[in-house]
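Peer 1: Just so you know, we're using UniProt numbering here: the sequence shown kicks off at 1 and counts up by one.
Everything labelled a hint here was simulated from the structure, so no lab data went into it. Keep in mind that the hints are not guaranteed to be accurate.
Label pairs and their computed distance ranges (CB to CB) [said to hold, decoys possible]:
| # | residue 1 | residue 2 | range |
| --- | --- | --- | --- |
| 1 | Ala-698 | Thr-947 | 23 to 33 Å |
| 2 | Val-800 | Asn-908 | 24 to 34 Å |
| 3 | Ala-698 | Lys-914 | 25 to 35 Å |
| 4 | Leu-111 | Ser-207 | 36 to 46 Å |
| 5 | Ile-1058 | Ser-292 | 49 to 59 Å |
| 6 | Ser-292 | Thr-947 | 58 to 68 Å |
| 7 | Tyr-184 | Leu-146 | 39 to 49 Å |
| 8 | Ile-774 | Ser-672 | 29 to 39 Å |
| 9 | Tyr-184 | Arg-295 | 18 to 28 Å |
Here are the simulated lysine-lysine pairs, DSS-like style, with alpha carbons at most 27 Å apart [as the list claims (entries may be wrong)]:
| # | residue 1 | residue 2 |
| --- | --- | --- |
| 10 | Lys-838 | Lys-948 |
| 11 | Lys-948 | Lys-914 |
| 12 | Lys-963 | Lys-914 |
| 13 | Lys-969 | Lys-914 |
| 14 | Lys-963 | Lys-948 |
| 15 | Lys-677 | Lys-746 |
| 16 | Lys-652 | Lys-677 |
Backbone N, C-alpha and C fix where the C-beta goes; we use that ideal spot for every residue, glycine too.
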Amino acid sequence: MRSPISSRYSIRDAAGSATENRGISIYLVIGYLILVIYGSLLPFTRNDLTFDDAWTNFPHIPFLNLGVANRADLVANLLLYIPLGFLLCGFLAGRRRHQWVRIIGSMVALLFSIAIAVSIEFTQQFFAPRTVSLNDLYAEILGAVLGIVLWLVAGRRTVQLVSTIYIGGEQARHAILLIYGLAYLLLSLFPYDFLLSLDEYEGKWLSGHIGLLFAPLCGSGCMWKLIPEVLAVMPLAILLFRSLPHAPLFLAAITGAMLGILIEGLQFAIASGVSQGASIVSRAIGMMLGASLMRFISEIDWRWIRQYTRGIVLIGILPYLCLLALVSHWFSGDWYSISDAIDRLDEIRFLPFYYHYYTSEQRALISLLFQAGIYAPVGIFFWLWRWGGWSIDLVRGSTLLPGLAAGLLACIIEMGKLLVQRTHPDPTNILIAAVSAILAYRLLNMLFITKVSGGKPIANTASDNNQIENEVSATKSVAQAEAIHQIDRYATFTVQHNHSDQQCVRRPLWLTVFGLLALVIAGFAAFTHPLGATWTLLWLVSYVVLLWWRPDLWLVWVLALLPVLDLSPWSGRLFWTEFDTLLLATISVGYLRLYSGQSIWSILGLPVSMLMMLFIISALISLGFGIWPLAPLDHNAFTSYYSSYNGLRVAKGLLFSLAFMPLLVHAWSKPSCAVHKLTWGMVLGLTLEVGYVLWERATFSGLFNFQNDYRITGSFHGMHVGGAYIESYLAAALPFVVLWAWLQRKVWVTAFAIVLYGLGAYSIMVTFSRGGQIAFAVVTFIVLLGFMWLSLRGRTQRLVNISAISLLTIAALAVAWPIAQGGYSQSRWAAFERDMIKRTDHWQEAIRIFQLRDAALFGVGLGTFPSAYYWGAEVASRFTTYRFITENNNTILRLGSGDLTYLEQSVNVRPGQKYTLTIDLLSQSDNAALTMTVCEKSLLHSYTCVTKPLRISEPGGEWTQYKLQIDTKDFLSSWMPFQRPVKLSLFNDRHGTLVDIDNVALYDEIGRNLIQNGHFSNGMHHWFFSTNHHLPWHIENLYLSILFEQGWIGLICFTILIIYTLIRCLFNARQRDSFSITLFASFIALLMLGILNSWNDEPRLTFLFYFLLITGLIADQRSLSTQYQMTSLQKQT
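Could you put together the complete structure from these sequences and hints?
Peer 2: What follows is the structure, given as structure tokens:
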């Protein structure tokens, strides 16, 4: 029975027909002959020479005395004719073994080559740019002789090598690596313009092409040029060490260094060569990376990788296109108008390789290889897409399609160059792109597809026929084995599909796509981080590697780092924190590494899923209302809570929690392990937050000073506009300390839990939040009651458990009581009635704005309250606003007036030092002024300050620079960990004025500028703002906030979800489920705090709430499923 691909893919000898007994196809000879003629007559600019004059002049063509500058042209002619002689001899002499036939064929090939060379040199007389000389003729004849000799010496081996590549598989890979190694060595010495005299060597020594590390004339991009050198050596490492897969890396490094020394030494003998020590190091690094890559790919589970390839292709397209536009110089200059670009078309020459003729051979080759390299990924993408689809038509796929796509893409790129100044389109690149993509696609087929034949292979001789038949038999066996196993250890793939793989759980394409997309966005966020790409990328890569190694620990890391991973006061990013980047990285690794094969919504059950979907749809509609109409994406888009994009910031918590649903479903396939990891994460997070609180109290107010009005903010820097974020987190996390001790059942764990719960009580009490203190009391009561009940229902260690819970409660009360009796806490409670009147008035104002907006169904929109209150509230004054204005490519800060808003930046100021503050100011107002302070300051509280009020002396539109002296002699000097941070603050306290600010600088005594982004060219980077009034930023009631932003539909869905979850937690608690008791206590804490506060505008808290909510629902459904199975089993028995 014939193979389904045998009619299309039979093994052919590269010589063509066996009866003709030739080693080289006539089509290959004719094709290269056309190329020689075309390249020799380019650019086809005809002169006025007549045929008679040309005939007369040709016998007298001169022999030129060429210098070193023209030597490359001479060598190029020689190189051009080597393949011609090789192919002609291969065609005429073939692979015959009779000596006389080979000699005659070789002589005929030489004569024909000479005739071609003479004819071309004669024809060149009719084309103006061409120079006709005996030098060229001798070089061409010598090249043909070398080509003929090369065929006689290595022609048979070359044909076998090509045949091996055509067959594909392991031998093809080895053959391609051999050809690559040979090509690498040959191209390393191109254009072979060797130095021939001592004077030429002396000139080379003084030319600037030699350097111990970098050559002086290498240019500013020397470091970037080393990257291709490293990449180019890596395949050589695979070739050299394929028989030694575990060779030491230092051996690879030595090999690479020796190769570098050899090539760089030979480069010294080449006129146009560059010799530098850095290239030796780069080749050593490349050889090490290649050896490491060989080890890595030998251990890869390619079947596992294959399911991700289509997602990788989809994710990689956009970065590839951006990089392609970048390296094609789309962004390197100003742009022409459309009409000017059309006019430039008249200057373009569409003749292939026209512009290559007018540059040096070396530059022309580099340009050709560069263009081929940047468009080869198109062919790779097409191949990966077909391979990732597990298609049996992988080999049958048309190679024309990637060529057309690459050609079209190159056409777009070259057309774009018409619009960019200082760039020049080259239509030849379209041809290069198409050929490169086709070759890349075909090469991958040859590397990784084993082709078999159903018929008899074609050979030249009997011995050849037997040899190829043996190869075919072996290839068939390999193909059959690969059809079962899909892949060998070097990723050799067959064209048949192993249907047994369909029985495995296949990862959905959307999961792979979103996982890769999340990783790309996380990498971009780290790369563009204001505090520097180096440390953020290092942190991100380390985290991804750690999580890839142990993906099951994601629950621990996410919850442990939730409270502390926010550097917005230093980075200036209000809308995107480091915790968001961590969440994306976790989602990426989780989606790519963890998948249970279960439907998310089917696990939750139909009623809960419908309710969840309704709430999500409500939130998305409200998000659309909030961000529409879209504001310009300038420096102001993500730097103020008044921005319409604030809805995206508020929605992050819900969206991220939904993105974790597949990971939670996977985690809860082992409920016990999931509960332990979640508890560990919450306890670690609480420990870090308590440590931060203790540092904050020790640094600013003192640990045991309960009389002053200092209120902690912890690491929740969103409290720069007030809020109840720190107490909400603490109250929600404390129940997990008890659960942790309950699950571990170890003495040291219990002791640590008692201490941690006491410190948590201290932390929540020193917030001096009345709602927080009440929530703490209620949570402690629920935990005490719930775990006492569990202890009494237990069969062992009842007394021990009751004692531990009692000790924990007593410790918490012992810590909380002195703080509650302190002077400031008592004053807070004394003002409760007065503050409640203010709070209820604020709620009524929010309801009035809500009613005016006529948005009862879906709300005003997520994140809209600050701007709605600013524009719609009936209040005496409003907060100061700020904007970034760009004029004449210069960005400035425009600071308005109103209730004080402090624009600030942390500065490394030391006590007892003198500093110089300079600032450029402009205002149109006569009474404009700006106040600058350098203060020891926490997030909201200032201590020792140096205040510098500044009246603008030149109103009327003129920039003026001011210089002020700052003396920090009164600042408190403390042990370094407890040294109070210092901030420079700017504020405008003159109502009705606008002040433009630029070029803020603070110089220390040795002249270092301590201010970052003082010119505001990066917008809000490194700057932050704070205010002393919190009501304009929050509704201060969770339920009113949801009503305001999401309308009645959102509030009703939210309420039903919460009530259902609480009921299910209570039901499961009756089944002695300690996790349900903990969740119930945590939810009650957040919901109680929501009566007087709206913590839902802090993304990390929103994420925690919905994360725990979804976790509770999934755990409940798992519990219901287990109970149903147990009931069914009891009925059967």
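Peer 1: None of the hints should be skipped; say for each whether it holds.
Peer 2: Right, here's what the structure says about each hint:
1. Ala-698 x Thr-947: 23 to 33 Å: holds (26 Å)
2. Val-800 x Asn-908: 24 to 34 Å: violated (52 Å)
3. Ala-698 x Lys-914: 25 to 35 Å: holds (28 Å)
4. Leu-111 x Ser-207: 36 to 46 Å: holds (42 Å)
5. Ile-1058 x Ser-292: 49 to 59 Å: holds (53 Å)
6. Ser-292 x Thr-947: 58 to 68 Å: holds (59 Å)
7. Tyr-184 x Leu-146: 39 to 49 Å: Since the Cβ atoms of Tyr-184 and Leu-146 sit about 20 Å apart, the hinted range of 39 to 49 Å is violated.
8. Ile-774 x Ser-672: 29 to 39 Å: holds (34 Å)
9. Tyr-184 x Arg-295: 18 to 28 Å: holds (22 Å)
10. Lys-838 x Lys-948: violated (34 Å)
11. Lys-948 x Lys-914: holds (14 Å)
12. Lys-963 x Lys-914: holds (13 Å)
13. Lys-969 x Lys-914: holds (8 Å)
14. Lys-963 x Lys-948: holds (11 Å)
15. Lys-677 x Lys-746: Within the cut-off at roughly 17 Å; holds.
16. Lys-652 x Lys-677: Distance ~24 Å between Lys-652 and Lys-677 Cα, so the pair holds.
When held up to the earlier numbered hints, the structure conflicts with 2, 7, 10 and fits the remainder.
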